[in-house]
Amino acid sequence: MKNESFGKKILNFIGNNSVPILFVLICVICIPISGFSASYLINEIVTRMGRNIFLILCLLIPIMAGMGLNFGMTLGAMAAELALILVSDWQIWGIPGIVLAMILSIPFSIVLGTFCGKILNMAKGREMITSYIISFFMNGIYQLIVLYMMGPIIPIKHSNVKLPRGYGIRNSVDLIHMRQYLDNLIAVRIGGVKIPVLTFLIIGVLCLFIIWFRKTKLGQDMRAVGQDMNVARDAGINVERTRIISIVMSTVLAGFGMVIYLQNMGNIATYSSHSQIGMFCIAALLVGGASVDRASIGNVFLGVILFHTMFIVAPKAGAMITGDSMIGEYFRVFISYGVITLSLILYETKKRKSKSLVGQQLAQAQKDEEEKA
Amino acid sequence: MNKTRRLLFQIGAVLILAAIAFCMMVIGRGHTVYFDNKILEYDDETYEPPYKVTVYVGGEQVAKLNAKERGMATTIGQDFEMELKIMEVKGGDETRETYQIKLPRTLDGIVVNLPGYLAGLPEEAWMSEFVPIVTESSEEEEVPGGDEFEMEDLGDF
Amino acid sequence: MNETLADRNNFTVRDRLKSMVRNFGLPRLIIAGFLLLLFIAAPFVGADFWTQISNTINRFSWNAVMVLAMVPMIHSGCGLNFGLPLGIISGLLGATLSIELGFTGPVSFVMAVAIATPFALILGAGYGWLLNKIKGGEMMIATYVGFSSVSFMCMMWLLLPYHSPTMVWGLSGKGLRTTISLEGFYDKVLANILQINIGNLSIPTGTLLFFALLAWLMWAFLHTKTGTAMTAVGSNPTFARAAGVNVDKMRMLSVVMSTWLAAIGILVYEQGFGFIQLYMAPFYMALPAVSAILIGGASVNKASIGHVILGTFLFQGIVTMTPTVMNNAIHMDMSEVIRVVASQGMILYALTRKTEVTK
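Residue numbers (my numbering), protein chains in the order written: chain Y, 1 to 373; chain U, 1001 to 1157; chain X, 2001 to 2359.
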């Protein structure tokens, strides 16, 4: 009897955590095949944790407000890139440059986030596809600004930023004077593994902020809106405003995260850095066991570790197995998209199931009522 | 009451951020300093360069200059401190001393003529702006364009 | 009295204009106006009018079938088919297998269609089954089904045992190339049928006829009993179910049709373009098709053949005209930006409209 319930528990656990378990399996199989040394792997993963966790954490707030995965976090990334381009043209270097870029990204993020939030309020029920299309739309506007308006309208002085034709920004903007300044400021080396302590401290502060924020009035409102918009509205919560605030917060945080990400990378790919960031962050979060309507800080950390282990080892492992390194490259892209697809499907089927369950319960209650009468 | 308080808070936050941003712009200005160990002629006088100058910035050796050579260092902020190890003649004694220069905020690249500076001349004599020679590269940079929707490269993440 | 009459007339005209704008949608009007402006401006900036027209018609003929593929799923209430790449992959499988099996010339096109069909039916059925499981969340999942299938096929193009020397990498002798020339196979097979050439104007009559045939079949289908049942499912599923229509079956049928049309659509596109594009190429192909039909006047749950024709023409007109006209007029090629903003803006506009019928 006890055994049976224990077995059931295990089955339940596997069912609820199928994606992380699948990833653990992939990693366990691929790590020995890839032949990377443990210290190399740990070093890479620590670097990537510092680089990505902040970005991924920004996804938590819209999930709290029931708006699903915020594909519009790309907007924050664009804001950060605009800020960094300006800062590097003004020749502000080092930590001050990074701080200035973060501050400068805030107004851009707020404008973009408000726009995104307003549009999403007009498309309730299909937030995800809409935020996804918004990121494409904004990419067009971003290109308009960066490729045509920077130079003639927004002054850009330096020729290492500006295209030789006199307007527009180069394909890649060098951040050599900001590169890893944040990571190196308080860095500790333990057995050949460099730990960017300051970056992790900043991430820690954000985690604490999110935990604290959940308990504030606004955080409670957001959760109420996420549970049921109509009930929340009846309770006197301004649903539209709350939703916009959640998107704006997410966008601003994404902007900060992107600055951290880019200072680690050391250069901006002006026209492509932001385009994939949303997809990879969302995939990493989902790999950590989050779903469209429920995500925790633990999911973020687990997801980054598992997803990036896969990301590092897959090309090499693929090359070892098939003799073609491209296979591994495609494999990890396929896995990223596959995970998102799978999570979306699981979420939608669950939603339908619970909906029909509620319907059944209602019908049953009605029946009981009738019988009583 | 609540509304005005909130508004005040918001304005305060914006002001604080703006202040921080302004500070960052002042203290974070990056400069490239070039050291010229070259002959300088000023007021009909000629200042000969020493045989060898070694430049240390922040405890690290950034350049070792024989006569007629140029070295460079990058620095953040306007207070530039450098340590010069000077050997006047070949095989002679070396003197080591620390110097502080106030850099002009507006210039990206600053050329410091060491013989002039060491001789204690006025600032305009030994300090000049470094003007990079714009190399007109014929290769056009690839920027987004083309016919189909952009394909995203599978770059590293 | 005359004056009041005139006033009233004015009023009604303005009113009618207003309601026309409302029905047509402001973004649509802007896009149509923009295209008109481009056509007017073209001769002044030194672009040849007839060449521009031919280019537009040509590109229309390449893309129209893929836009047509949007129609069935919109009708059955599955929304915009962002999963178009799945159908495109069936088409690509048909194209590559037809060449691999050694068919050449026009026969290779027929065989490509024949081989692509079973793939499209199977993949479409699976896709339809999936979409029936997740009613209400179709569009997002469709997008990601498309993405996953494209990235999955990226691996397959490398791994599948293709051998035809025209298609595999010359050096290693395995793995398909990213672009494969169709010269000697079905390059322009449809376009060359009854092609009309007058001066600078050339019209690919065959491709247009092929599209017309498919469009007519679609129109006819929508007027059969099954077709009307499908529309009923889309506009009011509860009513349709009450009337004895099998909702899931109708939705499944529409998805299969859409997938098959996408497969044929990519083959038609290839015969016009002259190349097969593999790997990441199909990735974003759904977006131009989606925005084209929306520009034509369709909404998330309403679409007709007229929308397909008008939309494809407007969209491709902008795609072909902007680079030349812009370049000649202001020496800045802003076409990419304009196209992205216009097409994505159109999709956004459609997504934010309240759907007329709530489920």
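Rather than coming from a laboratory, the hints here were simulated on the basis of the structure.
Among these hints, one or two may not hold up.
Stated by the list, open to error - Listed next, the in silico DSBU-like pairs over lysine-lysine satisfying Cα-Cα at most 35 Å (straight line): (1) Lys2135/X to Lys351/Y; (2) Lys355/Y to Lys2302/X; (3) Lys8/Y to Lys2302/X.
To be verified - Partial list, computed: chain Y residues near chain X (C-beta under 8 Å): (4) Met149; (5) Phe280; (6) Tyr330.
Predicted, not measured: the structure shown is a model, and the values here were computed from it.
The C-beta atom is built at its ideal place from N, Cα and C for all residues, glycine as well.
**OP:** Have a go at the Tyr330/Y hint: is there a Cβ in chain X nearer than 8 Å to its own Cβ?
**Re:** holds, 4 Å
Subject >> Pair hint outcome, Lys2135/X versus Lys351/Y [Cα-Cα no greater than 35 Å] >> reply: holds, 10 Å
**OP:** Under 8 Å, Cβ to Cβ, is where Phe280/Y needs to be relative to chain X, so tell me if that hint holds or is violated.
**Re:** violated, 13 Å
Original post:
Keeping to a limit of 35 Å between CA atoms, is the pair of Lys355/Y and Lys2302/X held or broken?
Top reply: holds, 27 Å
Original post:
If you take the shortest Cβ to Cβ gap from Met149/Y to chain X, is it below 8 Å?
Top reply: With Cβ-Cβ at 11 Å, over 8 Å, it is violated.
Original post:
Holds or violated: Lys8/Y with Lys2302/X, Cα cutoff 35 Å?
Top reply: This hinted pair is violated, its Cα atoms lying about 47 Å apart.
Hint compliance for this structure: hints 3, 4, 5 are broken, all remaining hints hold.
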